[in-house]
Amino acid sequence: MHPKPPALRRQFVATSAGPLHLASAGEGFSVLLLHQTPRSWDEFRDVLPLLGQRYRALALDTAGFGDSCRPALHQHSIQRWAQLALEVMDQLEIGKAAVVGHHTGAVTAMEIAAAAPDRVAALVLSSCPFNDAARRTAHAGKRTIDDVPVREDGGHLQELWQRRQPYYPAGDTDLLSRFIVDAIKAGPMAAHGHVVVRNYLMEERIGLVRAPTLVLRAGRDPHAAPYGERIAQAIAGSHLQTLEEGMVPMPDQMPEQFAQAVMTFLQRVC
1 MHPKPPALRR QFVATSAGPL HLASAGEGFS VLLLHQTPRS WDEFRDVLPL
51 LGQRYRALAL DTAGFGDSCR PALHQHSIQR WAQLALEVMD QLEIGKAAVV
101 GHHTGAVTAM EIAAAAPDRV AALVLSSCPF NDAARRTAHA GKRTIDDVPV
151 REDGGHLQEL WQRRQPYYPA GDTDLLSRFI VDAIKAGPMA AHGHVVVRNY
201 LMEERIGLVR APTLVLRAGR DPHAAPYGER IAQAIAGSHL QTLEEGMVPM
251 PDQMPEQFAQ AVMTFLQRVC
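Numbering of the sequence shown is given in our numbering, commencing with residue 1 and proceeding in unit increments.
Everything labelled a hint here was simulated from the structure, so no lab data went into it.
Ideal Cβ placement from N, Cα and C applies to all residues, glycine included.
Possibly wrong hints are sitting among the right ones.
[Claimed, not checked] Pair ranges (Cβ atoms, derived):
{"no.": "1", "residue 1": "THR242", "residue 2": "LYS4", "range": "16 to 22 Å"}
{"no.": "2", "residue 1": "PRO166", "residue 2": "VAL195", "range": "18 to 24 Å"}
{"no.": "3", "residue 1": "ALA236", "residue 2": "ASP90", "range": "24 to 30 Å"}
{"no.": "4", "residue 1": "ALA140", "residue 2": "LYS4", "range": "33 to 39 Å"}
{"no.": "5", "residue 1": "ARG45", "residue 2": "PRO71", "range": "35 to 41 Å"}
{"no.": "6", "residue 1": "VAL195", "residue 2": "LEU157", "range": "18 to 24 Å"}
{"no.": "7", "residue 1": "PRO166", "residue 2": "THR137", "range": "34 to 40 Å"}
{"no.": "8", "residue 1": "LEU8", "residue 2": "ALA140", "range": "39 to 45 Å"}
{"no.": "9", "residue 1": "PRO166", "residue 2": "GLU93", "range": "25 to 31 Å"}
{"no.": "10", "residue 1": "GLU244", "residue 2": "LYS4", "range": "45 to 51 Å"}
{"no.": "11", "residue 1": "PRO226", "residue 2": "VAL195", "range": "31 to 37 Å"}
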């Protein structure tokens, strides 16, 4: 008989940018989950109850996404997002947490660990790019994957669906629908969130990470998988694990395997 899943809680937490939305499940040691662009806490909808059986799992809507406040575009940066996540921890009286991030969320998680090493007990970087000068130069001025101009006939929604579809499991319209809902809600941040990552000087920050780190690679994610070894090599003592069937939406594509990888790692290091 399977244990009853912990209840899902929703709340808003006051920060210097405005209220940030948070979903959580479970009790105990805190595990903070940070989503990719342009998703929301919903990316971890099915991960929360799994982690919540053992931990206090908290999925945060980054400023500008989901139900969180919407600062002006120029106010967003990876450093600012990290600062706001730490403010949420302060408000919730969480002194130390494990921080888990996916894609954009992984970059923010890395910055939290670099900026406040005493607040991060363990770090999971899922599908994290290595954003150095070469990558910034290669992507400078280029249209991001979610940069789709709004059209009166709604054709932009079909274009956005088609641009993302190759990176999702074939035939899984539910996952793509959840993505589209979050992308519509994010508005201009759907494209700008990728620019925020592009502007981050990761090569100056990654060497400051001291937390025990799991680099979790999605084997079928062409955007992030090639960076796995480099990320792992740049963080002393880190461990690289690949979920071979993982794609861009790995946490909501395969929540059981994702949650198990996180829990196995945390049991070993926390």
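For each hint, the structure was consulted:
Checked against the given bound of 16 to 22 Å, the beta carbons of THR242 and LYS4, roughly 32 Å apart, lie outside it. Hint check: PRO166 to VAL195, Cβ distance near 22 Å, so the stated range 18 to 24 Å holds. Checked against the given bound of 24 to 30 Å, the beta carbons of ALA236 and ASP90, roughly 28 Å apart, stay inside it. Between ALA140 and LYS4, the C-beta spacing of about 51 Å breaks the proposed range 33 to 39 Å.
Roughly 25 Å separates the CB atoms of ARG45 and PRO71, a value that falls outside the hinted 35 to 41 Å. Range check, VAL195 to LEU157: about 21 Å between beta-carbon atoms, so the 18 to 24 Å window is met. Between PRO166 and THR137 the beta carbon distance is about 25 Å. The supplied range of 34 to 40 Å is therefore violated. A hinted range of 39 to 45 Å holds for the C-beta pair LEU8 and ALA140, which are about 41 Å apart.
Between PRO166 and GLU93 the Cβ separation comes to about 43 Å, which falls outside the hinted range of 25 to 31 Å. Between GLU244 and LYS4, the C-beta spacing of about 32 Å breaks the proposed range 45 to 51 Å. For the hinted restraint 31 to 37 Å between PRO226 and VAL195, the CB-CB distance of approximately 21 Å leaves it violated.
Consistency note: the structure conflicts with the earlier hints numbered 1, 4, 5, 7, 9, 10 and 11.
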